[in-house]
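Number of protein chains: 2
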Amino acid sequence: MQRTRFEDSICPVARSLDTIGEWWSLLIVRDAFQGTRRFSDFQRKLGLARNVLSARLKKLVACGIMEMVPASDGTAYQQYVLTEKGRELLPVLVAMRQWGERYLFAPGESHSTLIDKKLREPLQQLSLKNAAGDALAPEDIELVMPPEAKA
Amino acid sequence: MQRTRFEDSICPVARSLDTIGEWWSLLIVRDAFQGTRRFSDFQRKLGLARNVLSARLKKLVACGIMEMVPASDGTAYQQYVLTEKGRELLPVLVAMRQWGERYLFAPGESHSTLIDKKLREPLQQLSLKNAAGDALAPEDIELVMPPEAKA
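So the protein lines, in turn, are chains A and B. Going by my numbering, the first sequence opens with residue 1, and the numbers climb by one from there. Going by my numbering, the second sequence opens with residue 1, and the numbers climb by one from there.
Simulated from the structure, these hints should not be mistaken for laboratory data. Do not take every clue at face value.
[Claimed, not checked] Chain A side only, calculated, beta carbon under 10 angstroms to chain B, not exhaustive:
1) Pro12
2) Trp24
3) Asp41
4) Leu48
5) Arg50
6) Ser54
7) Leu57
8) Val69
9) Lys85
10) Leu90
11) Pro107
12) Lys117
13) Lys129
14) Gly133
15) Glu142
[As the list claims (entries may be wrong)] Stretch-level coverage of chain B by chain A, calculated; a stretch enters the list once three of its residues show a Cβ under 8 angstroms from a Cβ in chain A:
16) 5-12
17) 28-34
18) 81-90
19) 104-117
20) 121-129
The beta-carbon is built from N, C-alpha and C at its ideal position, and this holds for glycine as well.
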């Protein structure tokens, strides 16, 4: 199914969804953070069709989120690793994770958890702050359009 | 197309995507944050087909992210507003926005911006921190599975 494209949108949310909003893309990025590098490992862990995985990886590479590198074990396989642009998606995954932990699990229902290696404790909740460091609620925030979009 | 379901996943990212990962869902939530409430306004702003918008809104209501309320102008129309669960998706949208601002716009290319109403300045970048408030890089973070998943 052809979907609407937002690559020229002035809204960064729409452009991000244009890049990573397809089903599977963020789960591939998630698994790449956990060290998955080989096509067959992504396929096994995610349980998706080869052609879909192939298309998603191709797009992630084309968008500069992942890159192909020679296999670390010296074999002829290519591996897929996150670029800096891809690694910078971690706050997106953490924001989704924290929302999911809070609203999509029953009390006491267990789930995977992200901890920091030093303290061995869960990460802080992501929170919205202004430039002075004050916490912001949705009603404290305003969307501003660029001048040419207002004209 | 039937897609894989993750509603029983122990991964909160997968469950979140199961709930809000369909194309359009987050853009509907984005517009709701900007005050869009009526079906016809969502349709006009997003430019999507009525049946798709109807299906997405229905799911957002079923998931408790939006709710239907009587129109504020006293007419018989129903309006769609975010619940607390929906409002708590703002960090997800801001994380996507900030990544998009950084990587998907050319230098000098203009985009919409979120500012706080008091200082009239852009929000702080979301950053990952441990419980002590120290900034964390991806390599400082570890994914821990619940005990029964390890067994």
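Going down the list of hints, with the structure as the test:
1. Pro12: Since the shortest Cβ distance to chain B is 3 angstroms, the answer is holds.
2. Trp24: This interface hint holds because 8 angstroms falls under the 10 angstroms limit.
3. Asp41: Not OK, violated: A/Asp41 not within 10 angstroms of chain B, min 15 angstroms.
4. Leu48: Given a least distance of 7 angstroms, the restraint on A/Leu48 holds.
5. Arg50: Status violated, d = 14 angstroms.
6. Ser54: This interface hint is violated because 16 angstroms lies over the 10 angstroms limit.
7. Leu57: 17 angstroms, violated
8. Val69: 17 angstroms, violated
9. Lys85: With a closest approach of 5 angstroms, the A/Lys85 hint holds.
10. Leu90: 5 angstroms, holds
11. Pro107: Hint violated; A/Pro107 Cβ to chain B Cβ min 14 angstroms, cut 10 angstroms.
12. Lys117: Nearest chain B Cβ about 5 angstroms off; hint holds.
13. Lys129: Holds - the Cβ of A/Lys129 comes within 10 angstroms of chain B, reaching about 4 angstroms at its closest.
14. Gly133: This interface hint holds because 7 angstroms falls under the 10 angstroms limit.
15. Glu142: Holds - the Cβ of A/Glu142 comes within 10 angstroms of chain B, reaching about 5 angstroms at its closest.
16. 5-12: holds (count 3)
17. 28-34: Since 3 is at least three, the answer is holds.
18. 81-90: Coverage by chain A holds for the segment 81-90 of chain B (5 residues, Cβ < 8 angstroms).
19. 104-117: holds (count 10)
20. 121-129: Coverage by chain A holds here, the residue count being 8 at a Cβ distance below 8 angstroms.
Checked against the numbered hints given earlier, this structure breaks hints 3, 5, 6, 7, 8, 11; the rest are met.
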